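Colleague: Below, each chain spelled out in residue letters.
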Amino acid sequence: MMKTRWQAFRKWAVQTARLCCGVPDYDVYVRHLREHHPERKVPTYPEFFRERQIARYKGTGGRCC
Amino acid sequence: MHSVATKPSPAAKILWAAIAIVGAWCLGVVALHRGEPINAIWVVAASIATFVIGYRFYGKFIEHQVLQMDPSRAPPSVLRNDGLDYVPTDKWVVFGHHFAAIAGAGPLVGPVLAAQMGYLPGTLWILFGVVFAGAVQDFMILGLSLRRDGRSLGHMLREELGPVPGVIAMFGVLVLMMIVLAVLALVVVKALTHSPWGTFTVACTIPIALLMGVYLRWFRPGRILEVSLIGLVLLLASIWYGASVAASPTLAPIFDFDAKALAWLLIAYGFCASVLPVWLLLAPRDYLSTFLKIGTIALLALAIFLAAPTLQMPAVTKFIDGTGPVFQGNLFPFLFITIACGAVSGWHSIIASGTTPKLIASEGQARLIGYGGMLMEAFVAIMALIAAASLHPGVYFAMNAPSALIGTTVEQAASTISQWGFVLTPDELLQTARNIGEHSILSRAGGAPTLAVGMAQLLHNLIPGTQMMAFWYHYAILFEALFILTTVDAGTRVGRFMIQEIVGLMYKPLQATESWTGNLLATAICVGLWGYFLYQGAVDPLGGINTLWPLFGIANQMLAAIALMLATVVTVKLKRERYVWVPGIPAIWLIICTVTAGCEKLVGPISFTAAAQKYASSLQSGQLLAPAKTAEEMQRIITNNYVDMALTAIFVLLIVTMFVFSLLALVQAWRINHPTAHEEPYVALASVAN
Chain D
1 MMKTRWQAFR
11 KWAVQTARLC
21 CGVPDYDVYV
31 RHLREHHPER
41 KVPTYPEFFR
51 ERQIARYKGT
61 GGRCC
Chain B
1 MHSVATKPSP
11 AAKILWAAIA
21 IVGAWCLGVV
31 ALHRGEPINA
41 IWVVAASIAT
51 FVIGYRFYGK
61 FIEHQVLQMD
71 PSRAPPSVLR
81 NDGLDYVPTD
91 KWVVFGHHFA
101 AIAGAGPLVG
111 PVLAAQMGYL
121 PGTLWILFGV
131 VFAGAVQDFM
141 ILGLSLRRDG
151 RSLGHMLREE
161 LGPVPGVIAM
171 FGVLVLMMIV
181 LAVLALVVVK
191 ALTHSPWGTF
201 TVACTIPIAL
211 LMGVYLRWFR
221 PGRILEVSLI
231 GLVLLLASIW
241 YGASVAASPT
251 LAPIFDFDAK
261 ALAWLLIAYG
271 FCASVLPVWL
281 LLAPRDYLST
291 FLKIGTIALL
301 ALAIFLAAPT
311 LQMPAVTKFI
321 DGTGPVFQGN
331 LFPFLFITIA
341 CGAVSGWHSI
351 IASGTTPKLI
361 ASEGQARLIG
371 YGGMLMEAFV
381 AIMALIAAAS
391 LHPGVYFAMN
401 APSALIGTTV
411 EQAASTISQW
421 GFVLTPDELL
431 QTARNIGEHS
441 ILSRAGGAPT
451 LAVGMAQLLH
461 NLIPGTQMMA
471 FWYHYAILFE
481 ALFILTTVDA
491 GTRVGRFMIQ
501 EIVGLMYKPL
511 QATESWTGNL
521 LATAICVGLW
531 GYFLYQGAVD
541 PLGGINTLWP
551 LFGIANQMLA
561 AIALMLATVV
571 TVKLKRERYV
581 WVPGIPAIWL
591 IICTVTAGCE
601 KLVGPISFTA
611 AAQKYASSLQ
621 SGQLLAPAKT
631 AEEMQRIITN
641 NYVDMALTAI
651 FVLLIVTMFV
661 FSLLALVQAW
671 RINHPTAHEE
681 PYVALASVAN
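If you're matching them up, the sequences are chains D and B in order. Position 65 (the first sequence) corresponds to 65 in the numbering used here; numbering is contiguous. Position 524 (the second sequence) corresponds to 524 in the numbering used here; numbering is contiguous.
Derived by calculation from the structure, the hints in this document are not laboratory data. Heads up, some of the hints might be wrong.
With a cut-off of at most 27 Å between alpha-carbon atoms, the simulated DSS-like pairs for lysine-lysine come out as follows [to be verified]:
#, chain 1, residue 1, chain 2, residue 2
1, B, K508, D, K58
2, D, K58, B, K91
3, D, K11, B, K91
Keep in mind it's a predicted model, so treat the numbers as computed, not measured.
Modelling step: build the complete structure from the supplied sequences, incorporating the hints.
Modeller: Put into structure tokens, the structure is as follows:
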């Protein structure tokens, strides 16, 4: 019980921390690809990370003063 | 609508009544207590009670009546789910992400500057401003964007008000951004001037970030938390080693710069950082500063709760009459301009219509993220105000008043400030400087150093020890400098893309963001624009912050007014006219504040025009006015003031134009008897969710 709760908290913390840096959840993306675009190649986590890193600094705004 | 409000239980009613009574009592103590200094806990308790009540009642009212948020409706994250940008995400994850994006240096700097009028005016404006204006703006823009596929503020303005006002507002955003970058960079310059310790630690962030970038790219791709921990350890080591650098006769001079040199270094750095690949420097710094920011805000909260400092600053000082040394101008309108972020910040409307609406999993969660996130930011502003007000007022004014007023020696400063009624000895100033490991604390305007001294004292109360205070001071400086520089890098990059787009309209090849010519040229233009204002601030006789912060405040509140006007027009377009006052009153209040402040900066004793004319007439009669030492420098000061004047005029003109466009759209919508807002059609969440 304690262990699963701790794991859930850990997952939440990692997800929040990564999202704060503009990296969305990798598992969610892989699940999305498998479900909706089975023909596309699933990127590895490093590939996914690099693509997101570049994408983050292309848009407008992003952070406050 | 589809949502049904549940009736509160008697126990809940009693609880809310108790919170209201406690909150009113604390607010009464804060507002009415005179003579004896009060404890900061009263301010904290009053703030928390105000935020909780505002969130529960006004936030809920906006949610159900004005925006009519509907949890049964499918949000963009579900409708356009692509696993990347549009993803239904846990509400607390989105809350963390949204808060990290809106919290920046603004809420830390503004309240510190406003403390010159005492802690009461700032506290009241933050509390009421956030409940009735700031959080309303963030929440309503988020709500509008949620109903429009997560569209951006600019897109919504074009759709609801027309193409011309849309373009005008976006031009305003670009100018605002240049001012933001300049004023924030100036805060760093002010903090690092002749501070080898501070400059060394901030300089160390560059090799640390490069190392992190290489590590993330090749060694352990994507391990952000791990690499950030390594970075943090290295940063703390650099603060610790900084003390030896400052004490060393050979190393200290290498890191000892004046304001002008620091301005040039920052300009060069901003250029390089935004031209280099993002993974090398920009991104790793960003990770480090995001985590450090959240961690330090938590540390500050903990320190205030545990140390419970007494507020030494009077509730209201005599400077509400506009004669204050930190910034010029009366309480109205300049208090409402100086504290922008924390009470209401236009910049948030860009974030509330950016990534956040694409992540929210249900409209029912928008209040927590939009309204609640802004309340958190207001709490950060309250903490900054407490940190500044818990300092000895004499020390506060010594740090924030320009050298033109208090002189350059501790004796001059102590005697001038004592005459203002804040009795202080030269020894106290020397001792404070020695405690924090610096040579001088005089005229370090800009908020960061003051906050750092306040934080160092708070933390020193908790963890005593010799040298610890100096460590905490430089930690606080580093933390602010780190995330300000990240904003400068990222902002320059965004500005570069905006400029490439605009210039590309005239000459197509420049639009290609991969082309090196376009890249270098647009970056140079962008850096040149904010660099001009930064340099001007660095050589300003009154310290620069004095000139640039009001410009920033006016621009930021102008954007907030535009966002609230959009919300007002859409409320009418949805035929919910009886709630038009919810966004309408704060919009009008901000228009009044920005236009009044703008006009006072255009004509009258504290205007840029008056300053320019003063120097011009002296120049004509052959006299030199400090700090200018040559006729050429006099001429430069005159030009700078005219540039600031023109900029202020542009802002006033912009806000008036936007007001006219909004009013026209509003009257037109009022006359039509059916809704005309551009909302996406209703899709039931149950019909698309799997």
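Colleague: Hint by hint, say whether it matches the structure.
Modeller: Each hint, compared with the structure:
no.	hint	in the structure
1	K508/B <-> K58/D	holds, 19 Å
2	K58/D <-> K91/B	holds, 25 Å
3	K11/D <-> K91/B	holds, 14 Å
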